[in-house]
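Those protein sequence lines, which keep their order, are chains D and A.
Sequential numbering from 3 applies to the first sequence in our numbering.
Sequential numbering from 180 applies to the second sequence in our numbering.
Since the hints were made in silico from the structure, they are not lab data.
Hints should not be assumed to be uniformly reliable.
[Said to hold, decoys possible] Away from chain D, derived, C-beta distances all over 10 Å, residues of chain A:
(1) K207
(2) I212
(3) S224
(4) K254
(5) Y274
(6) Y278
(7) D288
(8) D323
[What the hints assert, rightly or not] Okay, the calculated beta carbon distance ranges per label pair:
(9) D181/A <-> E80/D: 43 to 53 Å
(10) A280/A <-> E13/D: 22 to 32 Å
(11) E74/D <-> E235/A: 29 to 39 Å
(12) K207/A <-> E80/D: 36 to 46 Å
(13) S88/D <-> S224/A: 32 to 42 Å
(14) E74/D <-> N273/A: 23 to 33 Å
(15) T281/A <-> S88/D: 23 to 33 Å
(16) L64/D <-> Y199/A: 35 to 45 Å
[As the list claims (entries may be wrong)] The calculated SDA-like cross-link candidates involving lysine to any residue, where the alpha carbons are at most 25 Å apart (straight line), are:
(17) K272/A <-> Q84/D
(18) K269/A <-> K34/D
(19) K90/D <-> N318/A
(20) K27/D <-> K54/D
(21) K87/D <-> T263/A
(22) K272/A <-> K8/D
(23) K272/A <-> H32/D
(24) K227/A <-> N318/A
(25) K87/D <-> G261/A
From the three backbone atoms N, C-alpha and C, an ideal C-beta is built for every residue, glycine too.
Residues per chain, in single letters:
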Amino acid sequence: MNTRSKLTNEEVLHVANLIKVFIDKHEIEHYKKQLNTVLESLDVLDEVDTDKVDITSQVTNLTNVLREDRIEDSLSQEAALQNTKSKKNGYFVVKKVITK
Amino acid sequence: MDLQKLTLKQAVEDLKAKKYSSKELTNKSFENINSHDEKLKAFISLTKEQALKAAEKFDSGKTKSIISGIPGSIKDIYNWIGTTTTASSKIIKNYVSPYSATVVQRLVDNDAVIIGKTNMDAFAHGSSTETSDFFTSRNPWDTDRLPGGSSGGR
């Protein structure tokens, strides 16, 4: 069952326009043949009957093990600062890195 | 109760049969640490209070998880709120965890008896525990040998 119909002249012009390649009216037939050949190469997929095959989105059967991406409470400022010896006004105090 | 010969499976059965309590088992673990850890140097810090509390909870029949009641230890690379977590490094030797790692929280939530934090190559970068900033753990089967690493204390 061939579900891929051949391209029409209009479609060839449309593709040419999309890729911004200017073709003449007499070139349409030439490119139409070439594009159709490419499409026909996909017909090999029709050799397999997939009526009874489930849609496959992944083949590993792996599932997500990470928690729900929801916002939870984080560390309080106090807790975040609890291990430093140098803090001031709720900030970490570090050595100057910009000298000028 | 010979902890050196006691298997995990046997301990679970013994606790179920009330041959001894989790508190007794936990206390025995601490006794063992007292006798042997000076040589083995497996532990960075002990969490006796938390361990006994969890053991008592198990003994009172209030715990539901299969892992509760049996004493275990945690590598000192895992944050456990309220304990020091050093990763065997001098850089953070006084670091008091402001939060618990998810895996630790799960153990705590399931009433695990955690007796202490164990030694490793500093920041777990090693395979022999020789590069711990504090001390090298010894292999309990032959104390002239190394225990491997990075989790030598385990």
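We went through each hint and held it up to the structure:
The claim that K207/A is not at the interface with chain D holds, since no C-beta of that chain comes within 10 Å of its own (minimum 34 Å). With 10 Å as the threshold on Cβ separation, the claim that I212/A sits away from chain D holds: the shortest Cβ distance comes to roughly 27 Å. Its beta-carbon lying about 15 Å from the closest one in chain D, S224/A satisfies the requirement of being farther than 10 Å from that chain. K254/A, annotated as away from the interface, keeps every beta carbon of chain D farther than 10 Å; the closest lies near 20 Å.
A beta-carbon of chain D is positioned within 10 Å of the beta-carbon of Y274/A; the least distance is around 5 Å. Distance to chain D contradicts Y278/A as a non-interface residue, since its nearest Cβ pair spans about 6 Å, not more than 10 Å. The Cβ of D288/A lies farther than 10 Å from every Cβ of chain D, with a closest approach of about 14 Å, so its non-interface assignment holds. Every C-beta of chain D lies more than 10 Å from that of D323/A, the closest at about 38 Å, which supports listing it as non-interface.
A C-beta distance of roughly 47 Å is found between D181/A and E80/D, which places it inside the suggested range of 43 to 53 Å. Judged by the Cβ atoms, the range 22 to 32 Å given for A280/A and E13/D is violated: they are separated by roughly 59 Å. Taking the beta carbon of each, E74/D and E235/A are about 30 Å apart, inside 29 to 39 Å as hinted. Taking 36 to 46 Å as the suggested C-beta distance range, the pair K207/A and E80/D conforms, at roughly 39 Å.
For the pair S88/D and S224/A, the supplied restraint of 32 to 42 Å is violated, since their beta-carbon distance comes to about 25 Å. Evaluation of the 23 to 33 Å hint for E74/D and N273/A yields a pass: the beta carbon distance comes to about 28 Å. A hinted range of 23 to 33 Å for the beta carbons of T281/A and S88/D is consistent with their spacing of about 30 Å. The hinted window of 35 to 45 Å between L64/D and Y199/A holds, with their beta carbons roughly 43 Å apart.
At most 25 Å may separate the alpha-carbon atoms for a hinted pair to count; K272/A and Q84/D meet this at roughly 14 Å. Among the hinted pairs, K269/A with K34/D is inconsistent with the structure: their alpha-carbon atoms are about 73 Å apart, more than 25 Å. Only pairs whose Cα atoms come within 25 Å are accepted, and K90/D paired with N318/A is rejected, the gap being roughly 46 Å. A threshold of 25 Å between alpha carbons decides the hint, and for K27/D with K54/D the separation of about 45 Å lies outside it, so the pair is violated.
This hinted pair checks out: K87/D and T263/A have alpha carbons roughly 16 Å apart, not beyond 25 Å. For the suggested pair K272/A and K8/D, the alpha carbons sit about 73 Å apart, so the restraint of at most 25 Å is broken. The suggested pairing of K272/A with H32/D is violated, with an alpha-carbon distance near 77 Å, which exceeds 25 Å. Proximity of K227/A to N318/A is assessed by CA-CA distance (about 23 Å); at most 25 Å being required, the pair is judged to hold.
For the hint linking K87/D to G261/A, the alpha-carbon distance of about 18 Å falls within 25 Å, and the restraint holds.
Of the numbered hints given earlier, the model fails hints 5, 6, 10, 13, 18, 19, 20, 22 and 23; all others are met.
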